[in-house]
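Undergrad: Single-letter residue listing:
Protein chains: 2
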Amino acid sequence: MKNITIAGAGLVGSLVGVYLAKKGHKVHIVERRSDMRKEAISAGRSINLALSDRGLKGLAGAGIDQDILKVAIPMYGRMMHSISGEQTFQPYGIDNQAINSVSRRGINVALMDCAERLPNLTISFNQRVLDVELDSATLVVQDNESHKRTFIEADCIIGADGAFSAIRDKMQKNDRFNYSQSYIEHGYKELTIPPAPDGDFQLDKNALHIWPRKQYMLIGLPNLDGSFTCTLFFPFDGNPSFESLKTEAEISAFFNEEFPDVIPFMPTLLQDFAHNPTSSLVTVRSFPWAYKDKALLIGDAAHAIVPFFGQGMNAGFEDCTVLDECLDRYPDNWEKAFKEFEILRKPNTDAIAELALENFIEMRDKVADPVFLRRKKVERLMHTQFPDRFNSLYSMVTFSDMPYHDAQVTGRKQDVLIDAIMAIDNVENEWESVGNQERITRIMAGK
Amino acid sequence: MKNITIAGAGLVGSLVGVYLAKKGHKVHIVERRSDMRKEAISAGRSINLALSDRGLKGLAGAGIDQDILKVAIPMYGRMMHSISGEQTFQPYGIDNQAINSVSRRGINVALMDCAERLPNLTISFNQRVLDVELDSATLVVQDNESHKRTFIEADCIIGADGAFSAIRDKMQKNDRFNYSQSYIEHGYKELTIPPAPDGDFQLDKNALHIWPRKQYMLIGLPNLDGSFTCTLFFPFDGNPSFESLKTEAEISAFFNEEFPDVIPFMPTLLQDFAHNPTSSLVTVRSFPWAYKDKALLIGDAAHAIVPFFGQGMNAGFEDCTVLDECLDRYPDNWEKAFKEFEILRKPNTDAIAELALENFIEMRDKVADPVFLRRKKVERLMHTQFPDRFNSLYSMVTFSDMPYHDAQVTGRKQDVLIDAIMAIDNVENEWESVGNQERITRIMAGK
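Heads up: the sequence lines are chains A and B, in that order. Here the first sequence is numbered in this note's numbering, starting from 127 and rising by one per residue. Here the second sequence is numbered in this note's numbering, starting from 127 and rising by one per residue.
Honestly, the hints are just simulated from the structure, not real lab data. Incorrect hints may have been included.
Which copy? The list can't say, so a pair holds if one copy fits it or any two copies do.
Straight-line C-alpha distance at most 35 Å; calculated DSBU-like pairs for lysine-lysine [as the list claims (entries may be wrong)]:
#, residue 1, residue 2
1, K340, K472
2, K315, K331
3, K418, K183
4, K340, K465
5, K340, K315
6, K420, K372
7, K299, K472
8, K299, K128
All chains, please: the whole structure from these sequences, using the hints.
TA: What follows is the structure in structure tokens.
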């Protein structure tokens, strides 16, 4: 039995706390913010997320996956909005496979409730980490209200304190610690589509809505109350950009030009645009994540990614599953367990970081491109005909727990096959013809 | 006239201090270490460096380039040492072009002396930076001896405090600050070849000596006292590695096997190997370097590189030259001058960072390869025939002040030409033949 301090009671900190406490360890989670269960909802920061298979598997370990699914809204595909207002639906998978729009706050509250029901787990809120002593697994924290400082000694610190982790900050000073924080040229701003006067959804609730506009895009995810949380991903600088749209007139003109179909649904557009913060998007890479058996980074603290594959939370929850397995394998040697965890996990989190950056281009640009749509159609035909041998990259990432790196490598190999099949004229409409079937079989056999 | 605080009295901090004080500003340099002019020499850290054209140009601005050259040892080429002890000389340039082996301490002392002769410049030693307030250009420093803390307010802070810069640490917390620290798998350890009993050099003094051994290498640079400072670049882990060589017997056996010719020249090899530190090698990239007109990173604080192109100090001194020009261009708008500096300089320091990493492979592996030697011969023939149109990458980096990025791009284009010329059988020995000259002319014309 170990004494474990976890920095951060966010999504990953709460879940890894549940896993460790269930193993019998004494867990103390320290959280910088106040208890969100006692606070009003703060607007303007991503309040819903797409939960998919890896995340559900992680939540299953805490036994709350079914509870969460009950309050989730399945999104079966992308609904594309053209400038002229046409909507086109692209299914994500087959057989009603879906990603799930869930409230970040809802999941976090469920996880904290679940954590605090365990007798050997406590959460202390309003505790800001001032200093970290890795060798003695000691945190110095300060209470935001009383300003009292406390030394928290433990056998081990888990750094689940997010992209701007204080634990990682300390590790960054260690010799041979590799680290990068890399921002993209786009920021984001949240906007909202409220429910209709009768309380109903103003757009199809079972889709992730996208307004792809090449250099930028707007997306919308449904909430249980009938609203949609929309996010504009938009350049910081240049024209148009957050920098160039200053006045209400400029903002109005821009939305009228680019997103005319959402304007009737966004009565508070101008206020939201003016008052909601413009936030940046960072990819964080680090290595090693473990310091002896004394400290371990997990979730965004180890590998923050951009949101365009909807995998940030899912990857963090998968960390918890994998760490749980490593600790089962080496229950008496945490140094070895941590090392195995980081070696197993690093290539996979590097892969999803890359895929997430690439998917921004796909979402904002390619999804509206006829060649891309043809490709998606061919992918679906391939999967239907060769379900065991062909699965789209999106499906492997979203609807399986195949390691991300394997999915990335398999996806690249499949791209070569798809390129070859797409070279067959009109193949998507004459799939079953004898000649095409012969050609497809030959390509699949690598001839 | 501005009040300027410079963090760091190292090579770049001292030189940029001279430049700024000469412009009439009031300069205060704060340095964490004690005054090296009052201390005994510390062993085991790179004590000589290769000074080349860019560095000399930077020093010329302080008027001390000729003084430094007087105490430098010109190295006209590489002297390769094979396992069997054969030595092969490869000239670096033409017409006695040379890089200069100089003492790091010697240059730093000369720069500090030069700086302190200026009435409007002071250096405070033993001052550790505790905190940085960018908006007010304020440093909080603590004296290492008295532990007294001082607030130093200024109009502007120059962060010349090296690869582990405290100023950059603070900037790293700014939104959209891109940063990476990336270590290579190799570390280094310094060894020494003392002078012969008669005080003479034991190896050719006018060469940079290399013992290339594919996965690792030993190099040696001459010192004025007749000794050579040698550096073993060697993997941290694996076999062989710093990790695998533990006992004196293992170290002896390894040197007998791989570097038999140096053993007679290194009487203190085993003690040096045991007692000198094993140090790591990092590439640091960051951006932006400027914070308004309040703070600017320069030298290693902005862009630390690995030492394999001998350009770390030279790039830092070139920063000083370029910054000086930018401040001349916008004397009344330092925000603009800083912005121009970082935009001009960033692609070039990124280029030399890449070239330095690539040159490790060249030095430790390719220099002993017959194909590489043939390539070098063709490069020299090309340069002799087309001096205005063809210059080797090494020469452009080392013997010119062409921007590093332009040198990198030109080098890549030239590689294509060289590949084409090397495809001509035995061209290097039948360069003047009519047929070959026709072929070469055709290739140079892009036909």
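Undergrad: Reference check for the pair K340 and K465, CA-CA at most 35 Å: within, between, both, or neither?
TA: Close across copies (29 Å), not inside one copy (42 Å); limit 35 Å.
Undergrad: When no copy is specified for K418 and K183, does a C-alpha distance of 35 Å or less occur within a copy, between copies, both, or neither?
TA: Classified as within; 28 Å inside a copy, 47 Å across copies.
Undergrad: Is the C-alpha distance from K420 to K372 at most 35 Å within one copy, between copies, in both cases, or in neither?
TA: Intra 49 Å, inter 26 Å, cutoff 35 Å: inter-copy only.
Undergrad: Is it within, between, both, or neither for K315 and K331, if the alpha carbons may be no more than 35 Å apart?
TA: within (21 Å within a copy, 63 Å between copies)
Undergrad: With identical chains treated as interchangeable, where does the CA-CA distance between K340 and K315 reach 35 Å or less: within a copy, between copies, both, or neither?
TA: For K340 and K315, only the intra-copy Cα distance (17 Å) is at most 35 Å; the inter-copy one is 52 Å.
Undergrad: Measure nothing new, just compare the shortest in-copy and cross-copy C-alpha distances for K299 and K472 to 35 Å and report within, between, both or neither.
TA: both (20 Å within a copy, 24 Å between copies)
Undergrad: If the cutoff is 35 Å on CA atoms, where do K340 and K472 land: within, between, both or neither? Let me know, please.
TA: Both ways: K340 and K472 sit 31 Å apart in one copy and 28 Å across, limit 35 Å.
Undergrad: Go through the copies and call it for K299 and K128: within, between, both or neither, with a Cα cutoff of 35 Å.
TA: both (26 Å within a copy, 33 Å between copies)
Of the numbered hints given earlier, the model fails none.
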